[in-house]
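Enquirer: The residues making up each chain are set out below.
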Amino acid sequence: MKTCNNWTGWKLSVISALIDFHPKTGEQLVSLFLIVALPFLGAVFPALLIRAGRNACAWSAGVTTLLAFVGLMINLPAVLRGEAVTARLEWMPWLGLNANFFLDGLGFLFAGLILGIGLLIILYARFYLSREDPMGQFYTYLLLFQGAMVGIVLSDNILLLLVFWELTSLSSFLLIGYWKHLPEGRQGARMALAVTGSGGLAMIAGMLILGHIVGSYDLSVILQNKDLIQSSPLYLPALILILLGCFTKSAQFPFHFWLPHAMAAPTPVSAYLHSATMVKAGLFLMARMWPVLSGTPEWFYIVATTGLITMVLGAVIALFKDDLKALLAFSTVSHLGLITMLLGFGTEIAAIAAIFHIINHATFKAALFMSAGIVDHETGTRDIKRLGGLRHLMPVTFTIALIASLSMAGIPPLNGFLSKEMMLEETLHTVWGQSHLLMPGLALLAALFSAAYSFRFIAHVFLGPKRSDYPAHPHDPPVGLWLAPAFLVVLVVTIGLNAQAMVGPLVKVAASAVTGGELPYFKLKLWHGFNTALLMSTIATIGGLVLLVMHGGLERVWNAMPRPEAKTIFDAVIRALTRLSRLITDTLHNGAISRYAMIFVVFTLAIAAYAYFTGTMEMPTRDVQDAPLLPIVAWFCLIAATAMLTFLHRNRQLALVLIGVVGLIVSLSFNFLSAPDLAMTQISVEVVSIILLLLCLNFLPKTTPVDSSLTIRVRDAVIAGVAGVGTAALIYAVMIRDFSFPTISEFHLANSYKGGGGTNVVNVILVDFRGFDTFGEIIVLGIAALVIFALTEAVLASNVRAYLLNRKPEWPQSGDAHPLMMVVATRVMMPIALMVATYIFFRGHNLPGGGFIAGLVAAIAFVMQYMASGFTWAAERQRIFYHGIIGSGVLIAAATGMGAWFNGLPFLTSAFGYVKIGPLEEFELATAALFDLGVFLAVLGAVMLALESLSRFAWQPGMVTEHAMDINPKRDDPPDPKSDQPTSEGET
Amino acid sequence: MAFAGELLISFFLIVSGIFGFVGSFGLLKLSDPMSRMHAPTKATTLGVGGVLIASILHSIFIEHHLSLHELLITLFLFITAPVSAHFIAKWHIHRHETPESLPDAGDDGVWATHDIEEDEDAADMPR
Amino acid sequence: MNHLIIAPVVLPAILAPFIIMVIRHHLDLQRVFSVAATVLLLGISFALMGQTLGGEIQTYELGDWPAPFGIVLVLDRLSALMVLLTSVLALPIVLYAIGSGWDARGKHFHALFHFQLMGVIGAFLTGDAFNLFVFFEVLLIASYGLMTHAGGTRRLRAGVQYVVYNLLGSTLFLFALGTLYAVTGTLNMADLAVRVAEMPPDDTALLRVGAVLLLLVFAVKAALLPLHFWLPLSYANAPLPIAALFAIMTKVGAYSILRMYTLVFGPEVAVTQGLVGEWLLPAAMLTLAAGAIGILGSRDIGRLVAFAAISSMGTLLIAVGLFTPESTTAALYYMVHSTFATALMFLVADMVMERRGPDIVPRTPMPQAGIIASLFFVGAIALAGMPPLSGFIGKLLVLQVSWPAPERVAIWAIILIGSFVTIVGLARAGSLIFWKSHAVVPQAEDDGQAEIDTAPEPSPGLSFAATFALLTGLIALTIFAGPATEFAGETAEQLFNPDRYIDAVLKGAEQ
Amino acid sequence: MRLLRRIFPHPHLTLLLTLVWQLLVNGISLNSLLFGLFLGIVIPVVTMPYWPNRPKLRNIPMVIEYILVVLYDIVIANIAVARIVLFKPDAARNPAWVRIPLELRSPEAIAVLAGTITMTPGTLSADLSAKGHSLLVHCLDTDDPEAVRDEIKQRYERRLKEIFE
Amino acid sequence: MELLLATAVGVLTASGIYLIMRKRTFPVILGLSQLTYAVNVFLFASGRLAINQPPILNKYAEVPYTDPLPQALVLTAIVISFGMTAVIVMLALSAYLSSRNDRIDLTEEPGDDA
Amino acid sequence: MITYAIYFAFACFGVALMMNLWRILTSDGVGVRVLALDTMVINTIALLILYGVSISSEIFFEAAMIIAMLGFVSTVAYARFMLRGNIIE
Ligand code: NA
Ligand code: NA
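If you're matching them up, the sequences are chains C, V, B, D, P and R in order.
Numbered per the numbering used here, the first sequence spans residues 1 to 988.
Numbered per the numbering used here, the second sequence spans residues 1 to 127.
Numbered per the numbering used here, the third sequence spans residues 1 to 511.
Numbered per the numbering used here, the fourth sequence spans residues 1 to 165.
Numbered per the numbering used here, the fifth sequence spans residues 1 to 114.
Numbered per the numbering used here, the sixth sequence spans residues 1 to 89.
So here's chain C without its partners, still in its complex pose (with noise of 0.2 Å):
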C-alpha cells in the first residue's frame, strides 16, 4: 500500500469527512457516521444509566435505536433512486484502513432490519428479562452487537468490514454468555466465539488477498473489478478464505453447529441475533461479494452444494429437537443453507429470491423466536414434549406462533410461502453436476421437513389437550411481551398479501446492489399459476402433515441412529487441543533451567557454526608469540584447576579452592599481559566473590548429589567440549589476525595525556573517554547491593527467620570464634590496608590502580574486622550507613558528570589541571578524580552492604557481642600488679 502524507494530511482527511457531513443533497440528512455511531454511544447508557432503572437502560437503548432507525429510513429516498449514499473518514491510509461507509440497497436492508427487528428485541427483552438479570449489561451488549452489525452492512472498506464482523463476534460472545451460571450459555458463548471468530481469521486472509489483487480495500473499488479478481490465480484462495468466514457465521454445513447451542441465550438474544442479525452477516457478505465472486463453477459448486446440504440437514434435525428454541435454531440452519444455495445458483433471479426470503425468514423466525420465549417464560419450560394444548390458555400467542410457522411451512397466502416457491422454482433451472433432479429433489425434500417441522411447533405446543403438568401456570403473557411478534406477524401476512407494494422496491433496490447491475424483469406475487414449484409445495405441505403424523415412529427411527454429536466433537476437539496445548507447554517449559540452558548453548554454537562456515577465511596475519616458561607454567595450572573442578564440583569446599586458583591464574596472566589493572580487579574482586560464596555455602548442602545419569553427563560433557573447542577456535582465530581496520583505541593512547590527564590509558578510558560506562557500572554494582539488601529483609520477614534462628552448624565448630592473632593482625592491618586504598586511588590515573579497585582494597580492610571481630562487634563500629554510601558515591560521579554542564559541555566532560602552592611540587587536579571518587564510595558501599547483609543470615542469639576476641588475658584476668597499663577503658 502506499505510504503517504503526513500529520497535516491526516488532518485535512479529517476535515474533508466534516464536510461530508454536511448534506449534499436535501436528503441526505443523517451522515452514516452518526448512523453507524448511534448504536456504539447508546451501548454506553444502559451501562451507566443501571442504577436509574430497568427502565431508563431499555428506553435509552430503545431511544438511540430508533434514532438510528430514522436515520436510516431518512436516506430512503435516495436508496430508492439507486443512489449509494456514502461517507469517507481516512482513518489508516498506509494501510488502506479508511472509515469509508455506503449505503445501498442492500446495505439498506440489512441496516433496516437490524434496527428495526433491534427496536422490536429492546420492548421484549424488557418484559422478558427478569429481575435478577443485570439490565444494563444486557443493553450494553445488544446495542454493541447492533452497532457491530450495522457497520459491517454499511462498511465500504473490507478491512473495516472485518473490524466490525469480529466485533459480531465478541458481542455476541457476551450476548450468549449472558447467563454466566449456565454451563450452557459459557460453553456456547465459547463455541460460537471460537467457530465464528476462527471463520473471521480465515475471512481476513482472504479479504486482505482480495485487496491485493485489486489493489484496494475499499469495496466500491473491488466491486468493480470482476474480471480482475476471477482472473487471478489468488481467486480461488480468496474465495475460500471469505466464503469459511460466511459460512461460519452463517452456520452453514459443517459449521452450523454452534448456533443451536447458542440458544442457551435469552431468547431476546437468540431471536436477534439468529433470525435477523449475526447468521444473516454471512448471507450479507456472500450477497456483497456477490458481483464479483459469483458466476464461477467454483462460486457454485461450493456455495450452493453447502446450502443444498445445510438447508436439508437443518431441516431433518429440527424435526427431531424437543427444545423449542433447538427446533427453531435447526430451522433457521435450514433456512439460511436455502438462502445460501439460492446465492450460490449466481442468476439474477435467485439472487431477487435469496433477498426476499431473507426479509421473510427474518419476519416469521423473529416472531418464532419471541413466541417461544413467551411460552417458555409462562410454561417454565421449552420442552415439547412438556407442552401442549396450550391454545386455550396463550390464545395470542398461539395465533401469534400459527401464523409465523405456518409461512415458514411455505403455506400460502404468507411471505414464507412466497419465497420458497421462488427457492423452488430456482432449483428447478439448475443443474448439478449432470444431474437435473438432484437439486430441485433435495430442495423438495428439505421443503417437507420444513413444512413438518413447522406443523409440529404448532401442533404439539398449542394443539392437542391441555395438560396438567406445565411447570408453571401459562397464560398471556403482558402485551409489552407480545406486541413485537404481533407486529412481525402482521408484516407476515401483509407481505404474504402484497408482496410487490410492500417490498417490491426494497427487494429490487437491494437486489440490484447485490448483482451489481440491471435485474431481469420481475414481480413479488403470490399466484404463478399452476406450475412444477406449486406442485413441489403442495407435496411438501401435505408432505409435512404425513411426516407430522408418523413423527411418534420415525423419532424411535432417529434416536437409534447413531449420529455424531456435533457439541461432542466439538468439545472433544477444544478438549484435545487444550490437553495438547498443556502437554505441549509444560513438556517445553518444565522448568527446567539446566535443558533451557542446554537448548541455548545448542543452538548458538549451531548458529555461530552456521554464521562462520558460510563466512570466508584468510590466512592469518599475525605471527604466533614464543610462549616462556612462565605461560606455560600457569596455563597448565590452569588447565588443571579448571579440569578438577570440572570433575570434582560435587566437593564444594574444594571447588571454591579451586575457583580461587583459577582467579589467581587469570590474574596472574593478565599481569603478564600487559593489564595490570585487569590483574588488580580480577584479584580483588575474586576475594570478595569468594567471601560471598563461602558465606552462602555456610547455610548450603556441602556436597552436590549426582543428579543426572551418565549418559547426560555425557551429553553435556560434549555439549560443553563442542562449545569449549568453538571459542577456542573463535579466539584463535581473532588473535592470529590484525585489526581489519585500525583500532580506535589508537586515539584513547593518543589523546589520554593530552586530553584527559592521565599517563594510565586504561583508567583515562575508564574515567574519561568511557566515564559512562563506568557510571553504568556503580550503578549496577550499587543496585547489586540494594537488591541483596531487599532479598535480606524479605527473607528474614518471612518463617525463614524462624529456621536460622535455630539452626544448628552441619559440624562442630570449634572453640575460639575469633581468635586474638586474627583481631590484632586486622587491627593492625586496618590502617595500612586503608592506606594502600588511598594510594591506589589516587595513582589510578596515572599508573594502574583507580577507585575501583581501591573501594574493594577499603571494603576488604572492613570486611577483616567483620571477620575477626564478629558481625555485631564491627557493625556497631560502623558510622556511615552503607545505602548512604553508595547513595552518595553515584550522586557525586552523577554531580561530576554534571558538573560540565555549567561550562556548557556534555555530561561527563573532564577538566584537570596542574596546581603548584607554595614550596610543594607541581600536583593534578582533575574532575576525573572526582567522578572517581564516586567510583570508590560505590564500589566500597555496594560491597559493604552486600556482605552485611549476607552476613546477617547467620547472626543467631548467643553470638559474643561486646568482645572482639574471645580470648583476651589482659580483659580476663585481674590488673598484673607489675603493669601500669591502665585497663579501665576496655573493649566497648
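No lab work stands behind these hints: they were computed from the structure.
Just to be clear, a hint being listed does not mean it is correct.
[Said to hold, decoys possible] Okay, derived cross-link-like pairs now, PhoX-like style, lysine-lysine, Cα gap no bigger than 25 Å in a straight line:
1) K29/V to K131/D
2) K507/B to K754/C
3) K59/P to K916/C
[Said to hold, decoys possible] A short, non-exhaustive set of chain C residues, derived as facing chain P with CB atoms under 7 Å:
4) H460
5) A597
6) V706
7) D707
8) I731
9) L749
[Said to hold, decoys possible] Computed, partial: chain R to chain P, Cβ under 10 Å:
10) L25
11) Y51
12) S57
13) I59
We put the beta carbon where it would ideally sit given N, CA and C, even for glycine.
Fit chains V, B, D, P and R with the ligands to the known structure of chain C by using the hints.
Expert: Here is chains V, B, D, P and R with the ligands on its own, set in the frame of chain C:
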C-alpha cells in the same frame, strides 16, 4: 661495583628460588599435616623475601634508583603468614587432635580450639 | 548542546540514589518523588519526541569526546519513540504499584524501578555497542531485584533461573562484542556500520560469527524461541505489576535487533548476507506458535499472560524479521501496541490474582468482579488482536507487510491460527475465572481460598485508574492509528537510510 | 604536649603510616611527606573504633632490637628447615608439641609472640589455651621441647614484655 | 602464546558450560564464574596479546603499548559480573532457605510451595 | 648472570606452583588444600616480582601487594569457614 651488584642480586634470586622450592616441596614431602605447615609458611615467605630484596637491589644497582616499596610486601607477609598458619593449625587441631593428644593446656584446662561452650543466651537480632 | 538527550538517563540515576540515601525509610515521600520523577520523565520524553519530528538526528557526545572514540547518545525517531513508550508505560505502572500496595511489600521498590527505567532508556539512546551492554546490565540487575521483590519461595526459585538465564545472555553479549571489536576495532555503532560495509568480502567469517552472536543476545531479550525460556518463568512469578513493566524489556531486544540489523548489518550488507532474517523469521513464527499454545495450555493467569507476551513478541519479531521499511513500520506500531496490551493484561491479572489466587479454576466471585472482568475482556481483545483495539490493526499491518515475503503463506497461517488458539485460550480462561465463578457455591470454598492473602488493596481507585490509563493508551493508538503508522513509517524510513544516522554521529569526520 | 597528643593521638601509628606512604609512593618528597602525615593522622582517627586500647610502645630501641633478632633468626633457622625438608627422612624427624606458659597479657604482645614463633622456622604457634595463658607450639623437629620453650620465653617473650607491658 | 590462551579460554568455557547444566544452584554458580573468566579473557584477547607493553604512557620513551580499550571493557565487565554474581549467590541462598531445596529446576507441579 | 639467576628462580617458583597444585589435587583434607592455595598465592607474588625484575619494571608491584593482602583474607575466610562455618559471625 656493578658486578658485585649483579652477584648480590643473583645470589638473592637463587637463594629465594631455593627457599621457594623448599617451601612447596615441604608441603608435598612432609608426611604429617602439622609439619607440612612449617614449610610453606616460612620457607616461602623467605623465598619471597629474597626475591623482594633482589628486586630492591636490582633497582639500586641496575636501574639506579632507590626503590624500597618491596618492603611493604614483606611487611604484609610477616603480618599475615603467621595468622594464616595459625588458622590452619587450628583447623588441624579441630579436626584431627583431641585434648588428650595435645599437651596439657595448663591452668586453662583446654586449648582454645577445643573450648566449645554452648551459649544459649539470646540477644536481639541485629538490624 | 542539547542536554535534554541525557536527561532521561540522569534523572533516574539521581533520583534513585537520592531515594536510598535520604528517604529510604519514608515510603510516602518515596512515592511522591517516584511519581513526580516519572511525570517529569514523561515530559522530557515528549519534548525529545518533539525534537525528532523534523527528521533530524541529534547526538550527544559524552565527555565531549568525538565519536567514535567516546560514547555517544543518539536521538532519532526510533530512540525517541522507545523512550516515550517507556515513560508512558512507567507512569501507570508506578501508580498501580502504589495503588495496589505492591511497592510496600519489599524494600527499595522505587529505587529499583527508576534504575530499571534508566537502564531501559539508556539502552534506547546509546549509540555505542558496549555501552548498550552496560545498560542491558543495568536494566537486568534492576529487573532481578524487581522480579524477586517481596520474596516468596517460588518467586525466589524462579528468580534464580531468571538470573542464570540472563547471565548466559550477558556472557554471550561479551563474546559477541569481543569478536566484533577484534575484527573492526571499534565499538561505536555508526562507525561499526561504516567499517562493516567496507569489510573485504574474502574475510568475513569472524565478523559473521560476531554479528550472529549479537543477534542471539538480542533474541534472548526479545524472547525468541528457543531462547525465550526465561520469560514465562520470570513474568509469571514476578509481582505482576513488575511483569507489566517488563513488557518493555522484551522490546529492548526487539529494538536492538532493529537498530543493529538496519544500521550495522543491514539487509544490503554483503558480509552478513543470509544470517539474520533467514532464521529469525521462522524462529519468530515458532515463538508466536509457542506463545499461543502456551495461552491455551496455561493453568494460572500469570503464565497465561506471560505466554500472551511471548506470542505477541512472536508477531512483532515476524514483522521485524522481514526487514523492509514497510515491515518495520508495522513492527513499530505493533511494538507500541504489544507493550500496552501486555502491561494492561498483567495489571488485570494482578487484580485477579490478588483477589482470588492465580489458578484458572472457578472460585466464588471476587470483589469488583464486574469491572475486572470487563478489563480482562478488553485486554484479551487487545492481546488476541481482535477489533476494535490496536491489536487488530497491528495484526492486519503485519499480515499486510508480509505479503511480499516468500514465506507469506506460513506467516499468515501462523498468525491467524495463532490468533484462533489465543482466542480460544483467553475465552476459556476468562469464562472459567469470571463466569463460572457465578456457578460456584460459596460453601465449598474453604480449601482453595485459604492460602490467598485477601488483604484489601490500599487504594484500588488508583490501581484502576492506572489500568484505565493503559487502556486509554490502546484506544488512542487505535483512533490515531493513521498518524501513528505515519510516524512509524517515517521512523522506518529513517532506519533504512542509515547514512543519515552515520553522518550525524560521525559528522563526516571519518572516511 | 596535650595539644600534640590531640593532634597525634597515636604517634607511633602515625609514624608508621607516614613511612608506609613513603614506601607506597616509593620515594620521598615534600608532597608525599605532607600527604603521608595527613593520612597518618586521619586514618588512625577513622579506624580508632576498630582498635580500642591501642597499646603504647614503651621501649623503641627494644623494638628495633627485637626486629633484628627476629630477622636474624628467620634467616638462620630457615636454612635448618630447608635442610630438614630436603635431606632429612621423615622417619628421622621428631615433631613435637610444646606448651609455652605466657606471662604476656596484652593481646598485641601475644600476637607478636605467636607470629614470631611461626616466622622463625622450626616452630609454629598453633593455638592459645582457653583463657590465653599458654601458647601451643608445634616443633618440626626437636629432641628437647623444654629447650625450645625456654628459648622462646627468653629470646622473645622477655623482650616483648618490655616493649608492651 | 596465543594457543595457550585460546585453549585456556576453551577449557574455561567448556567447564563453565558443563557446570551450568547441572541441577543444583551451587555448581551452576561455579559454572557462571568459570564462564565469566572465560569471557573476560576472551574479551581481553580481542585486543591481541602483548607482553610487557602495559598501556601506561611513558613520557620518556617511544614504546609500544598494548590495546588499552579491551582492558577497560574487561574491567567494566568484571565489575558488572561481580555484581551479578553477588546477586545470584544471594538469590540462590534465599531460594534455598525458603524451600530448603537447592535444586535449580522447577520441574515439580506449580503450587507446592513450602 | 642475573638472567640465569632469574631463570633459575623462575623455574623454582614455577615448579613450586605446580607442586602446590599437585598438593591441592591429591590432598584429602581441605585444610591442606587451603594451605597449598595460600602457598600458591605467595609463590605467585614471588613470580610477579621476579617477572618485574626480569623486565626491569615496577608495574607489578601494586598487583603483588594487593595479592599479598587479599590472599591472606581469602585464606582466613576459607579457614574460618572450615572452623566455624560462618565466616562472619
Ligand atoms: Na584504573
Ligand atoms: Na512483552
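Enquirer: Would you mind marking each hint as holding or not holding in the structure?
Expert: Cross-check of the supplied hints:
1. K29/V to K131/D: Not OK: K29/V and K131/D at ~35 Å, beyond 25 Å, violated.
2. K507/B to K754/C: It holds: about 23 Å lies between the C-alpha atoms, which stays within 25 Å.
3. K59/P to K916/C: Cα-Cα ~20 Å, so holds.
4. H460: Cβ of H460/C sits 53 Å from chain P, so the hint is violated.
5. A597: It holds, given that the least Cβ distance between A597/C and chain P is near 5 Å, below 7 Å.
6. V706: 10 Å, violated
7. D707: 4 Å, holds
8. I731: Holds, because the Cβ-Cβ distance from I731/C to chain P comes to roughly 5 Å (cut-off 7 Å).
9. L749: Result: holds, 6 Å to nearest chain P Cβ.
10. L25: With Cβ-Cβ at 16 Å, over 10 Å, it is violated.
11. Y51: 9 Å, holds
12. S57: 7 Å, holds
13. I59: At 5 Å from the nearest chain P Cβ, I59/R passes the 10 Å test, so the hint holds.
This entry does not satisfy hints 1, 4, 6 and 10, going by the numbered hints stated previously.
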